Every structure is written in structure tokens, then in C-alpha cells.
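Student: Sequence:
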Amino acid sequence: MNDLIAKRYVKALLDGRDVKSATAIYDDLKTIASAFKEEKFISIISSSEVNSNDKENLVISFIDKCGDDLKNLIKLLGTNKRLDLIPAMVKELDGQISRMNNTYTGVVYTNKKLTAKYVSSIEDQFSKKFDVKLSLSQNVCDYDGIKVDIDSLGVEISFSKERLKSQMINHILKAV
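Sequential numbering of the sequence shown, starting at 538, is according to my numbering.
Worth flagging that the hints you see were computed from the coordinates, not collected in a lab.
Bear in mind that the values here come from a model prediction, so they are computed numbers and not experimental data.
Possibly wrong hints are sitting among the right ones.
Unchecked claim - Label pairs and their computed distance ranges (CB to CB):
(1) Glu576 <-> Arg545: 22 to 32 angstroms
(2) Lys665 <-> Asn590: 47 to 57 angstroms
(3) Lys698 <-> Ile542: 37 to 47 angstroms
(4) Asp668 <-> Gly604: 55 to 65 angstroms
(5) Asn594 <-> Asp681: 45 to 55 angstroms
(6) Val644 <-> Lys665: 14 to 24 angstroms
(7) Asp681 <-> Glu586: 23 to 33 angstroms
(8) Lys711 <-> Ile542: 41 to 51 angstroms
(9) Lys702 <-> Ile579: 19 to 29 angstroms
(10) Gly604 <-> Lys544: 18 to 28 angstroms
(11) Asp564 <-> Asn588: 21 to 31 angstroms
(12) Ser672 <-> Ser703: 29 to 39 angstroms
(13) Ile579 <-> Asp681: 34 to 44 angstroms
(14) Glu586 <-> Ser658: 17 to 27 angstroms
By construction, the Cβ of each residue, glycine as well, lies at the ideal position given by its N, Cα and C atoms.
Please put together the full structure from these sequences, using the hints given.
Tutor: Right, dumping it as C-alpha cells:
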């Protein structure tokens with residue numbers, strides 16, 4: 538539910554903006570969102586004992602040169618008791634700015650470390666396929682195969698040894 542509300546705020550925030558001003562607001566909101574990692578800050582924001590003006594001023598104090606647009610957004614969020622939406626808004630803004638720049642990031646999941654050349658090759662192939670600028674990072678985990686996940690583009694491609702084995706067994710059983 539918060540994601541849907543955050544999307545509406547971000548849509549209104551980005552309306553008529555260029556990439557440079559959107560990125561500036563994103564950077565400021567990202568700074569504010571980092572404060573949500575602290576339990577004390579969350580308790581202050583969610584407290585009913587602290588009035589909304591003090592909460593708004595606290596949030597605005599994290600930014601050195603806070604523009605009028607950002608001040609108005611924070612005051613609107615404070616008035617509507619939605620300051621806790623800022624991390625969701627940052628996530629949504631990141632995706633929207635990626636779309637504006639046509640640059641995306643993704644993750645390659647494998648159980649072994651791949652060479653940088655191999656990851657770069659995967660980046661190049663997907664960049665050509667989707668006509669975007671793509672940057673991939675690698676996550677070594679217990680996935681038995683390889684999976685490429687580009688969340689902001691809505692793409693997930695995987696090759697699993699277990700799935701291949703089960704498909705071969707099914708194919709052999711159908712042939713018999």
C-alpha cells in the first residue's frame with residue numbers, strides 16, 4: 538500500500554522535471570532515507586508526542602541547502618503523517634531516474650565467482666537485447682546455475698541445473 542502511495546507522490550514530484558533536477562531531489566531524499574536506518578529516528582518520526590512541525594524540521598535539517606520544492610514535499614508528508622514513505626519514495630525515484638537515463642542495474646546470482654570479463658559479456662548482450670545501458674553486479678550464493686535479475690526493467694532470466702535435469706527426465710519418460 539505504501540508503495541502505491543509513494544508512486545503517486547513521485548509521479549507528482551517528477552511531473553515536468555528534467556533529469557538533473559530529479560537527480561538532485563533524489564540525492565537529498567536518499568540522504569534523508571539513510572536516517573531511517575536508526576531506531577531513534579524512527580521512534581521520533583512515529584511518535585505521537587512530537588508535533589508534526591518538529592518532525593518536519595528534523596527531516597529538513599538533514600539537508601544543507603534544502604530547496605523550496607523539497608521543503609514543500611516534506612511539509613506535505615508531515616501534514617499527512619506520511620514521513621515514513623520517504624524510503625519507498627527513494628526506491629521509486631531511483632527506478633524513475635533510471636528510466637529517464639535509460640540506465641539500469643542488475644544482479645547475477647551464481648554459486649561460483651565469475652570473471653569480470655564474463656560478467657561484462659553478459660552486460661553487453663543484455664544491453665544490446667534491451668537497448669539500454671546496463672550495469673551488473675555479482676552475488677555468489679547457493680543458486681545451482683545462473684540467474685540474471687534486472688528488477689527495474691522487470692527481467693529475470695535463469696538457467697538451473699536442477700530444472701534442466703528434471704526436464705530431461707520428463708522428456709525421456711515421454712519418449713518411452
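Student: Indicate whether the distance between the beta carbons of Asp668 and Gly604 respects the range 55 to 65 angstroms.
Tutor: violated (34 angstroms)
Student: For Ile579 and Asp681, compare the CB-CB distance with the range 34 to 44 angstroms and indicate the outcome.
Tutor: Given a distance of about 38 angstroms, which is inside 34 to 44 angstroms, the answer is holds.
Student: State, for the Cβ atoms of Lys702 and Ile579, whether the hinted interval 19 to 29 angstroms holds or is violated.
Tutor: Because 46 angstroms falls outside the window, the suggested range is violated.
Student: Does the beta carbon distance between Glu576 and Arg545 stay inside 22 to 32 angstroms, or does it fall outside?
Tutor: holds (28 angstroms)
Student: Is the gap between the beta carbons of Gly604 and Lys544 within 18 to 28 angstroms?
Tutor: Since the Cβ atoms of Gly604 and Lys544 sit about 22 angstroms apart, the hinted range of 18 to 28 angstroms holds.
Student: Holds or violated: the 14 to 24 angstroms window for the beta-carbon distance between Val644 and Lys665?
Tutor: Given range 14 to 24 angstroms: holds, Cβ gap about 19 angstroms.
Student: So does Ser672 sit 29 to 39 angstroms from Ser703, Cβ to Cβ?
Tutor: holds (33 angstroms)
Student: Within 45 to 55 angstroms or not, the Cβ separation of Asn594 and Asp681?
Tutor: At roughly 52 angstroms between Cβ atoms, Asp681 and Asn594 fall inside 45 to 55 angstroms, so the hint holds.
Student: Using the beta carbons of Asp681 and Glu586, state whether their distance is inside 23 to 33 angstroms or not.
Tutor: violated (52 angstroms)
Student: Does the beta carbon distance between Asp564 and Asn588 stay inside 21 to 31 angstroms, or does it fall outside?
Tutor: holds (28 angstroms)
Student: With 37 to 47 angstroms as the target window, see if Lys698 and Ile542 comply at their CB atoms.
Tutor: holds (42 angstroms)
Student: Taking the CB of Lys665 and the CB of Asn590, does the distance hold inside 47 to 57 angstroms?
Tutor: Distance hint for Lys665, Asn590 holds at roughly 52 angstroms.
Taken one by one, the earlier hints fail for this structure at numbers 4, 7, 9, 14, listed in ascending order.
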